[in-house]
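Trainee: Protein sequences, first through last, are from chains P and A. Each residue of the first sequence is one higher than the last, beginning at 1 in my numbering. Each residue of the second sequence is one higher than the last, beginning at 1001 in my numbering.
No lab work stands behind these hints: they were computed from the structure. Just so it is clear, CB atoms sit at the ideal spot from N, CA and C, and this is done for glycine as well. Take the hints with a grain of salt, since some may be wrong.
Said to hold, decoys possible - Partner residues aside, some chain A positions facing chain P, computed with beta carbon under 7 Å: (1) F1089; (2) R1092; (3) K1093; (4) F1099; (5) P1117; (6) D1123; (7) L1124.
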Amino acid sequence: MSTAVARDGFVLRSLARIGHMAIFLAQMLIQCGRVLARPVLVINQIYNAGGRSLVIIMLSGLFTGMVLALLGFTLLQRFGSTEALGFAAALALLKELGPVLTALLFAGRAGTALTSEIGLMRATDQLTAMQMMAVDPLRYVVAPRFLGGLISMPLLTAVYDVIGLFGAHVVGVRMMGVDNGSFWSQMQSSVDLRDVTEGIVKSLVFGFICSLIAVYEGYHAEPTAEGVGLATTRTVVASSVLTLLLDYMLTAAFI
Amino acid sequence: MAGQADPGQAAAVEAIVDVRDVHYSIAGRPIFSGLSLKAMRGEITAVMGPSGTGKTTLLRLMTAQIYADSGVVEVFGQNLGELSSRRTFELRKRMGMLFQNSALLSDMDVYENVAFPLREHTDLPEPLVRNLVLTKLNAVGLRGAAELMPAELSGGMARRVALARAIVMDPELLIYDEPFTGLDPIALGVILRLIQQLNQALGITTIVVSHDVHELASIAHRSYLMAAGQIVAQGTPADLAESTLPIVRQFMSGDPDGPAPFHYPAPDLRSELLSGDGP
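Given these sequences and hints, build the entire structure.
Mentor: Pasting the structure below:
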């Protein structure tokens, strides 16, 4: 009996949280339209969320591509088809690893920064001060950060993919001796627009969900040091789990 | 003394803030039980009381950050409970508020903090914005600190910048939450004089929430003393000073023994120490 009560309580709390987030999203989307009239606010946040994540994204992309080439070469060598390495690396990066790993890295770097920044603004009364100055924090603080994250994610994913392919080329062609022409021509002839579209759609969906969770958790953080810390943790956990869940659903949808 | 209120004149002037029979509770714990007070146009109204009596909560009610469970809170003749969020924001453009912890925007320098309301609500040309910002900063003695970031300011300096920001839109109502806390005597004197000058020179209706009795008594026209969720005494600072009510006497003289307990409710110290129970 107590298990059933606890389960019902969990379900109700979860539904209430989803409903609360939906209302928050609707209010924020209304403000997003107004924010677009002041692009400088969004551009600043693209720099904060995207520009400042570039180094970690490029390094991760490089190593991912290198590992991918090593494993791919070992596997393809068994079947005597190492010339397909470029195609295999491109497909893995464009469709799967690029969007997913970029989203996970984004949640860990930019997502936590967004949550803690907004949470600290709440804790130090900066959001209340804005309200008292008749400025809606959803318009001035939250919506630009959400849009900055949403726009940054596909751009970061593209950078990740390009650097990843460079890493795969360095290991596959320069170190393992795969033919340079085969590497690029196989990729060019076998990767089609649908594969690229899948990656773009995934990165947009992940950008939407990771940015939404980050700003939501920050805006509703308890105004204490512990509260901001917990909100930051929730951002990473929820963003990561939802990214992987949505990745499965989107992959299934594109098959 | 800043001229204590003439009761006859006070009755004729308009109440800018009118709080009537307000009840408010948090998680079932009553904070206000039938609280009423008024702040008259052009006056400095002091709201005093021991820590934890809900002074800041009262300010949040007056600025529509929270809403009363019952009762009426009117500001500029408008019932805050009936206003849409758009009209609430319009109303707030006529108010300025100085926060206890300054609440400066941490990603902007001092100049941009003070310019922020002007940039958001007006289309003034940049030279005019600059003149207004530097004038207000000069009034608080911090024109030379315009390029500093909030993290580089002392507590007293941050409070003065926050005051410059609060007055940059020339509000009709200015609300101060504990403006004297943590200030050195010089900064305290500056803030005290500024509150008085802003009230006298510009006629800004002023509400000051504080427990600094003597500072407030020197500038307030009307004082309210809060305790146990209600106004327990009101009048001019002189009225409060001469009051024979035990709670007023205790608060004005800073006596730990009296109707307002210094100790949070707890079992007897000796028995708790000997029993070994508790934390």
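Trainee: Take the hints in turn and mark each one as holding or not.
Mentor: Against the structure, the hints:
no. : hint  : in the structure
1   : F1089 : 4 Å, holds
2   : R1092 : 4 Å, holds
3   : K1093 : 5 Å, holds
4   : F1099 : 5 Å, holds
5   : P1117 : 5 Å, holds
6   : D1123 : 13 Å, violated
7   : L1124 : 16 Å, violated
Consistency note: the structure conflicts with the earlier hints numbered 6 and 7.
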